[in-house]
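Visitor: Below are the chains, spelled out letter by letter.
There are 2 protein chains.
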Amino acid sequence: MKISRELILVKGFRFGGVNIGLKDESLDFGGIVANSPCSAAALFTKNNFPGAPVIVGREHVADGKLQAIVVNSKNANVATGVAGIEVSRNTCRWLGEELNISPVMILPSSTGVIGRPIDTTKIRTGCKILANQLGEEVEYSERFAKAIMTTDHHPKFAHVVLEDGTKILGIAKGAGMVEPHMATMLSYIVTDGDLNSNELRAALHQAVNESFNRISIDTDTSTSDTVVLLSAGYKKTDRKDFQIALNDLCCDLAKQIVQDGEGATKLIELKISGAQDDKSALLYAKSVINSPLVKTAIYGSDPNWGRFVMAIGKVFDFPIPLENLKIYFGKGARRVCLDAEHSEDLTLVEALRPLLQAKEVFIEIELGMGTSTERVWGCDLSEGYVAENAYYTT
Amino acid sequence: MKISRELILVKGFRFGGVNIGLKDESLDFGGIVANSPCSAAALFTKNNFPGAPVIVGREHVADGKLQAIVVNSKNANVATGVAGIEVSRNTCRWLGEELNISPVMILPSSTGVIGRPIDTTKIRTGCKILANQLGEEVEYSERFAKAIMTTDHHPKFAHVVLEDGTKILGIAKGAGMVEPHMATMLSYIVTDGDLNSNELRAALHQAVNESFNRISIDTDTSTSDTVVLLSAGYKKTDRKDFQIALNDLCCDLAKQIVQDGEGATKLIELKISGAQDDKSALLYAKSVINSPLVKTAIYGSDPNWGRFVMAIGKVFDFPIPLENLKIYFGKGARRVCLDAEHSEDLTLVEALRPLLQAKEVFIEIELGMGTSTERVWGCDLSEGYVAENAYYTT
Numbered sequence: 001m002k003i004s005r006e007l008i009l010v011k012g013f014r015f016g017g018v019n020i021g022l023k024d025e026s027l028d029f030g031g032i033v034a035n036s037p038c039s040a041a042a043l044f045t046k047n048n049f050p051g052a053p054v055i056v057g058r059e060h061v062a063d064g065k066l067q068a069i070v071v072n073s074k075n076a077n078v079a080t081g082v083a084g085i086e087v088s089r090n091t092c093r094w095l096g097e098e099l100n101i102s103p104v105m106i107l108p109s110s111t112g113v114i115g116r117p118i119d120t121t122k123i124r125t126g127c128k129i130l131a132n133q134l135g136e137e138v139e140y141s142e143r144f145a146k147a148i149m150t151t152d153h154h155p156k157f158a159h160v161v162l163e164d165g166t167k168i169l170g171i172a173k174g175a176g177m178v179e180p181h182m183a184t185m186l187s188y189i190v191t192d193g194d195l196n197s198n199e200l201r202a203a204l205h206q207a208v209n210e211s212f213n214r215i216s217i218d219t220d221t222s223t224s225d226t227v228v229l230l231s232a233g234y235k236k237t238d239r240k241d242f243q244i245a246l247n248d249l250c251c252d253l254a255k256q257i258v259q260d261g262e263g264a265t266k267l268i269e270l271k272i273s274g275a276q277d278d279k280s281a282l283l284y285a286k287s288v289i290n291s292p293l294v295k296t297a298i299y300g301s302d303p304n305w306g307r308f309v310m311a312i313g314k315v316f317d318f319p320i321p322l323e324n325l326k327i328y329f330g331k332g333a334r335r336v337c338l339d340a341e342h343s344e345d346l347t348l349v350e351a352l353r354p355l356l357q358a359k360e361v362f363i364e365i366e367l368g369m370g371t372s373t374e375r376v377w378g379c380d381l382s383e384g385y386v387a388e389n390a391y392y393t394t
Numbered sequence: 001m002k003i004s005r006e007l008i009l010v011k012g013f014r015f016g017g018v019n020i021g022l023k024d025e026s027l028d029f030g031g032i033v034a035n036s037p038c039s040a041a042a043l044f045t046k047n048n049f050p051g052a053p054v055i056v057g058r059e060h061v062a063d064g065k066l067q068a069i070v071v072n073s074k075n076a077n078v079a080t081g082v083a084g085i086e087v088s089r090n091t092c093r094w095l096g097e098e099l100n101i102s103p104v105m106i107l108p109s110s111t112g113v114i115g116r117p118i119d120t121t122k123i124r125t126g127c128k129i130l131a132n133q134l135g136e137e138v139e140y141s142e143r144f145a146k147a148i149m150t151t152d153h154h155p156k157f158a159h160v161v162l163e164d165g166t167k168i169l170g171i172a173k174g175a176g177m178v179e180p181h182m183a184t185m186l187s188y189i190v191t192d193g194d195l196n197s198n199e200l201r202a203a204l205h206q207a208v209n210e211s212f213n214r215i216s217i218d219t220d221t222s223t224s225d226t227v228v229l230l231s232a233g234y235k236k237t238d239r240k241d242f243q244i245a246l247n248d249l250c251c252d253l254a255k256q257i258v259q260d261g262e263g264a265t266k267l268i269e270l271k272i273s274g275a276q277d278d279k280s281a282l283l284y285a286k287s288v289i290n291s292p293l294v295k296t297a298i299y300g301s302d303p304n305w306g307r308f309v310m311a312i313g314k315v316f317d318f319p320i321p322l323e324n325l326k327i328y329f330g331k332g333a334r335r336v337c338l339d340a341e342h343s344e345d346l347t348l349v350e351a352l353r354p355l356l357q358a359k360e361v362f363i364e365i366e367l368g369m370g371t372s373t374e375r376v377w378g379c380d381l382s383e384g385y386v387a388e389n390a391y392y393t394t
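If you're matching them up, the sequences are chains V and D in order. When we follow this note's numbering, the leftmost residue of the first sequence carries the number 1, and every step to the right adds one. When we follow this note's numbering, the leftmost residue of the second sequence carries the number 1, and every step to the right adds one.
Since the hints were made in silico from the structure, they are not lab data. Glycine is no exception: its CB is placed at the ideal position from the N, C-alpha and C atoms. Warning: the hint list may mix true and false statements.
[Unchecked claim] Which stretches of chain D does chain V cover? Using the computed rule of at least three CB atoms under 8 Å from a CB of chain V, they are:
id : segment
1  : 35-48
2  : 109-115
3  : 288-299
4  : 303-316
5  : 375-389
[Said to hold, decoys possible] Lysine-lysine pairs mimicking DSS-like chemistry, simulated, CA-CA at most 27 Å apart:
id : chain 1 : residue 1 : chain 2 : residue 2
6  : V       : K326      : D       : K46
7  : D       : K255      : D       : K240
8  : V       : K279      : D       : K279
9  : V       : K46       : D       : K279
10 : D       : K271      : V       : K46
11 : D       : K46       : V       : K271
12 : V       : K2        : V       : K359
13 : V       : K122      : V       : K23
14 : V       : K46       : D       : K326
15 : D       : K46       : V       : K279
Isolated chain V, as found in the complex (with noise of 0.2 Å):
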């Protein structure tokens, strides 16, 4: 089962994705519409203030049926009091009433800047002008991939075909206000295999905690991050060989998402091994690939392989002997290893340069001190992020 990143048409499901003018010109709506109803499972943000459409959407999946998803970028509806959660809730019944489908059947996302309140009336406008225009074919999933984005710079999206024929077909945004703790991000993914609600959220809960639970880009943890997971029920499909493309899927989206993370120009695989034990593998994972002087020593190519001894030497509650630690840099034949015995080696801190200039930067770090095991993504920091969000609302 290969992973493409490619769009393909799930039988069961138009999308659609329109500019109802939220900020400018470009597609700011959109939605998925399924024939009949689905089964359902979604994860959302563990941030305390969720938005609106996370209150709302919360309620609408707690049953395992939807049979819709209506999404707009620019404005994320969060921190807007009542109003905004009414916002949410009748942007489901505006769309509900145009395409005869219960409000709580639908669930509604939105993502852009946090705090300001949004327009109803373009919203309500624009649920006629999207139920109006959906389809099939891969130039409306499209519309929807794209009218999801925020600073991302392209769609996002990805598909596996099942030996036995089943596809699942995921869309997703990223970009900013990305870190590992739960669903993190917009990920909308759709099946037209048979898998009831309970099997979708057992399936979905694995496959986040393998691929966007383990992704970073910038340690805030955004106040909307959703993932839906709907199945058609089309297809007869095999349980086992389902979980293994979706956690496939997931970390294909994922890879993707932090790719494309602001500013991004590299992306970071770690991986912590020989850690006493999972606690503590991952705040080891976490503590070095959130570092921000890791990231723009990566981001440099600078072999500042001290950086990552900092890095480790700060997660304080689990000391690790320093001539336990082993770095290696890179993969394969060119695999550079360095650890405190061996820093007076200059040529091996140089062999790390052209290893730190590749697009994908990969790192293990060997802790010596039992079995357990955690990998991450991240990407390294660029004075695009910055740039990028200095100025975010202006």
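Since the structure of chain V is already known, use the hints to place chain D on it.
Guide: Showing chain D alone in chain V's frame:
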């Protein structure tokens, strides 16, 4: 008692700063030498891989007595194995021989790049040169202040004179890898007061907790952080006044460090009030002051107040009702308050912009949950931080 950002002669102490060619021709080797043994106290980094000088320094200050401090910049002597420890011990031995002081009465510090061997021949020669270029006058303490700088743009010092005439002088360096966990950066404080080492230890602990432990530049905790307080014992000193003066002096030095943080263009003072307890108050404060999206918005003077909401909300373990949250910007008559109820008031949002354009940005976040408060200082995140750190060793 007024803090002055000028150097002052303190009876009993000589200073020096020289160039020994560790990297270029700038001052890179400095010392503080007392005329006789002093009471002393010190606090060090909590990083689990402390630099060799920190390991040696902890031993030497354990008995509460020191007579000298020796510091090199350009190389942190961290992750350099047994050889690194040997260098730090030898530095104390060589300088001790020149000055006729026992090596265990000398506290060593190093700051600069991590994981590179240090040139011992240059250090050995440096001890001879330094021993012959010590003086009491402020031109000597200024040379010391310059010799300990790394990416600092200017030397940092402050003094205070107590009503009873006791003088306290502090000299610090900061710039990057600064995060509020324990002592953060190098800071040397001398006084002619008559406090014993137990009194110094208690006083330093309190002062550091209110100052250096409350600043953050980039969440990365250095392996070399050291704060030392030496007392020559010439003056009979009022203990209460000394504590107040020391707290103020450390706060001033801490703010100087943040103001000159790598790439920093603004000082941010953040107060959390109305927290349920002290622990959560500090967690909220750190979450906001360390958020890259908050820091970039302040850099761009972007009135994106929703990012503060996000940063409070990502303290997952301590949820608070959104309707409780009030965010104040500015001080005095120009203070502006924003909350979920007023997010529609764009005039209010626009009123933030001039407050964010100031060189010192004041923010108070009121949680309405209890009576605990916390105050921290940080800086904005600019392209300059990335530029300074991307090619640090190159």
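Visitor: Look at each hint and say if it fits the structure.
Guide: Going through the hints against the structure:
1. Counting residues of the segment 35-48 of chain D whose C-beta sits closer than 8 Å to any C-beta of chain V gives 3, which meets the bar of three, so the coverage hint holds.
2. Interface restraint, the segment 109-115 of chain D with chain V: holds (3 residues with C-beta to C-beta distance below 8 Å; minimum three).
3. Taking a C-beta to C-beta cut-off of 8 Å, the segment 288-299 of chain D contributes 7 residues in contact with chain V, enough for the three needed, and the coverage statement holds.
4. Restraint check on the segment 303-316 of chain D versus chain V: 13 residues with Cβ-Cβ distances below 8 Å, three needed, restraint holds.
5. Restraint check on the segment 375-389 of chain D versus chain V: 7 residues with Cβ-Cβ distances below 8 Å, three needed, restraint holds.
6. For a cut-off of 27 Å, the pair hint linking V/K326 to D/K46 stands: about 21 Å separates their Cα positions.
7. A distance of roughly 23 Å separates the Cα atoms of D/K255 and D/K240; the hinted pair therefore holds under the 27 Å criterion.
8. Note on V/K279 and D/K279: the hinted pairing holds, with a Cα-Cα distance of about 22 Å set against a maximum of 27 Å.
9. Distance hint between V/K46 and D/K279 is fulfilled; the C-alpha atoms sit about 20 Å from each other, no more than 27 Å.
10. Straight-line distance between C-alpha atoms of D/K271 and V/K46 comes to about 24 Å, which keeps the hinted pair within the 27 Å bound.
11. Straight-line distance between C-alpha atoms of D/K46 and V/K271 comes to about 24 Å, which keeps the hinted pair within the 27 Å bound.
12. A C-alpha spacing of about 22 Å is found between V/K2 and V/K359, which places the hinted pair at or below 27 Å, so the restraint holds.
13. The hinted pair formed by V/K122 and V/K23 meets the criterion: a straight-line CA distance of about 11 Å does not exceed 27 Å.
14. For a cut-off of 27 Å, the pair hint linking V/K46 to D/K326 stands: about 21 Å separates their Cα positions.
15. Only pairs whose Cα atoms come within 27 Å are accepted, and D/K46 paired with V/K279 is accepted, the gap being roughly 20 Å.
Checked against the numbered hints given earlier, this structure breaks none of them.
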